[in-house]
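Student: Each chain, written out:
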Amino acid sequence: DAKTTQPNSMESNEEEPVHLPCNHSTISGTDYIHWYRQLPSQGPEYVIHGLTSNVNNRMASLAIAEDRKSSTLILHRATLRDAAVYYCILRDVKSSGDKLTFGTGTRLAVRP
Amino acid sequence: NAGVTQTPKFQVLKTGQSMTLQCAQDMNHEYMSWYRQDPGMGLRLIHYSVGAGITDQGEVPNGYNVSRSTTEDFPLRLLSAAPSQTSVYFCASSHPGANTEAFFGQGTRLTVV
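If you're matching them up, the sequences are chains A and B in order.
Residues in the first sequence are numbered from 140 upward in steps of one, following this note's numbering.
Residues in the second sequence are numbered from 2 upward in steps of one, following this note's numbering.
The reader is advised that the hints may include incorrect statements.
[What the hints assert, rightly or not] Keeping only pairs whose Cα atoms sit at most 20 Å apart, straight-line, the calculated EDC-like set for lysine to aspartate or glutamate is:
1) A:238 to B:31
2) A:238 to B:74
3) A:238 to B:39
4) A:238 to B:60
5) B:10 to B:31
[As the list claims (entries may be wrong)] Covered by chain A, per the in silico footprint, the following chain B stretches (three or more residues, Cβ under 8 Å):
6) 11–24
7) 71–80
[Unchecked claim] Looking from chain B toward chain A, a few residues come up when the C-beta cut is under 8 Å (computed):
8) 28
9) 32
10) 43
11) 57
None of these hints come from the bench; they were simulated from the model.
All C-beta atoms, glycine included, are put in the ideal place defined by N, C-alpha and C.
Extracted from the complex, chain B is given alone in its bound form (with noise of 0.2 Å):
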């Protein structure tokens, strides 16, 4: 199993560039969700969805779209890169219910210049 798998690993940007990370798992779960962490700090949740269709906001959703259309991906959409939003960004996914444990990606850093 690959696990968490996203892409790309890498990223700068431009401010006013528009780009979407890709975050896809191949164990089957219905949650999924996005976190940044900016440095020296823990990870903030952007959106989660909780099944194909269903997304909703968490902490810092703003400059931030997501859509899951199927179960295995979920990916990241920023409209307009501001520099504030450069950080390494973390997707996780895990089957429902809160005795399960959640599986992380190795992440992605971006940088808007």
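Extracted from the complex, chain A is given alone in its bound form (with noise of 0.2 Å):
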């Protein structure tokens, strides 16, 4: 599968906007580019997902280099209930099953 980078960890301070990078150079054609986050103490949570285009949800934004070499989650005001550790996952179309490789994510610190 292909891998992710992302920073260890980051900083935001509270109703500013937080952009989270991720890097996938090797990524291929039918990836999907899925991005989940674990509160404390509790089990990951889906966050957004996208292919090509820029994706948007009630929680956050997705923006998609043209070359799908990276992306970048876009929190567009942090509240202090977005500290978490959120990470990048790439799945693809053709692998069957739940087969999630998570890295060790960014841990984003949220300053009141």
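Using the hints, build the complex out of the two chains.
Tutor: Next comes the structure, spelled out in structure tokens:
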């Protein structure tokens, strides 16, 4: 599976936008880009995913580079509840099964 | 909907004991999987299933058995617990396809002494 690279940690102020980067230079044409987050002492939860075009949902936006070798998760107004570890994961449409490859993710701290 | 339910939430085992971690989902998902998470690390895949009667190994399968007799349930069995299996275990489920989201349970924190 193609790998992703994320910064270990980032900090943000409450109510400010946060841009979480992810590099995936070996992405294949059939890989979807997924983001999950894990709040303290909880299981991961889905945030957003996309293939080629930018995506928006109620939680966040996903900006995908034109060459698809990088992407950015955007939290428009960080809240204290957004403090979590964020994982960028590639899912191959040709691969069967729920086989998510988690790296160490980016730990986001939100300052009040 | 309850989503993905894992039991128990906490468990302490002695080395050599056996136990089964339970996972149930009520979303009629075909895909289910088990992960373990060690301190400071991401999740690693233990076993997964693409439907009832079909299972396969993930990245770290040694010491664990699974079976999938129904769509709803995917239990994980530790036959002879070892301290190296001390971890937090997560079960996940999803519909087939790379453009679907996976749902995770709240985890089982297992300590083997």
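Student: Tell me whether the statement that chain A covers the segment 71–80 of chain B is true, taking a Cβ distance below 8 Å and needing three residues at minimum.
Tutor: violated (count 0)
Student: Next pair to validate is residue 238 of chain A with residue 39 of chain B; report whether the Cα-Cα distance is within 20 Å.
Tutor: It holds: about 18 Å lies between the C-alpha atoms, which stays within 20 Å.
Student: For the pair supplied as a hint, residue 238 of chain A and residue 74 of chain B, confirm whether the alpha-carbon distance does not exceed 20 Å.
Tutor: Status holds; Cα separation ~18 Å.
Student: Going straight from one Cα to the other, do residue 238 of chain A and residue 60 of chain B come out at no more than 20 Å?
Tutor: Holds, at roughly 9 Å.
Student: Given residue 57 of chain B as an interface hint, is the shortest Cβ-Cβ distance to chain A below 8 Å?
Tutor: 7 Å, holds
Student: Does the CB of residue 32 of chain B sit less than 8 Å away from some CB of chain A?
Tutor: Status holds, d = 4 Å.
Student: Can the restraint linking residue 10 of chain B and residue 31 of chain B be considered satisfied, given a maximum Cα separation of 20 Å?
Tutor: With Cα atoms ~24 Å apart, residue 10 of chain B and residue 31 of chain B exceed 20 Å; violated.
Student: For the hint on residue 43 of chain B, just tell me whether its beta-carbon gets within less than 8 Å of chain A.
Tutor: 3 Å, holds
Student: Holds or violated: residue 238 of chain A with residue 31 of chain B, Cα cutoff 20 Å?
Tutor: 13 Å, holds
Student: Count residues of the segment 11–24 of chain B with a Cβ under 8 Å from any Cβ of chain A, then say if the count reaches three.
Tutor: violated (count 0)
Student: Can you verify the interface hint for residue 28 of chain B: is its Cβ closer than 8 Å to any Cβ in chain A?
Tutor: At about 13 Å, which exceeds the 8 Å cut-off, the nearest Cβ of chain A leaves the hint on residue 28 of chain B violated.
Checked against the numbered hints above, the structure breaks hints 5, 6, 7 and 8 and satisfies the rest.
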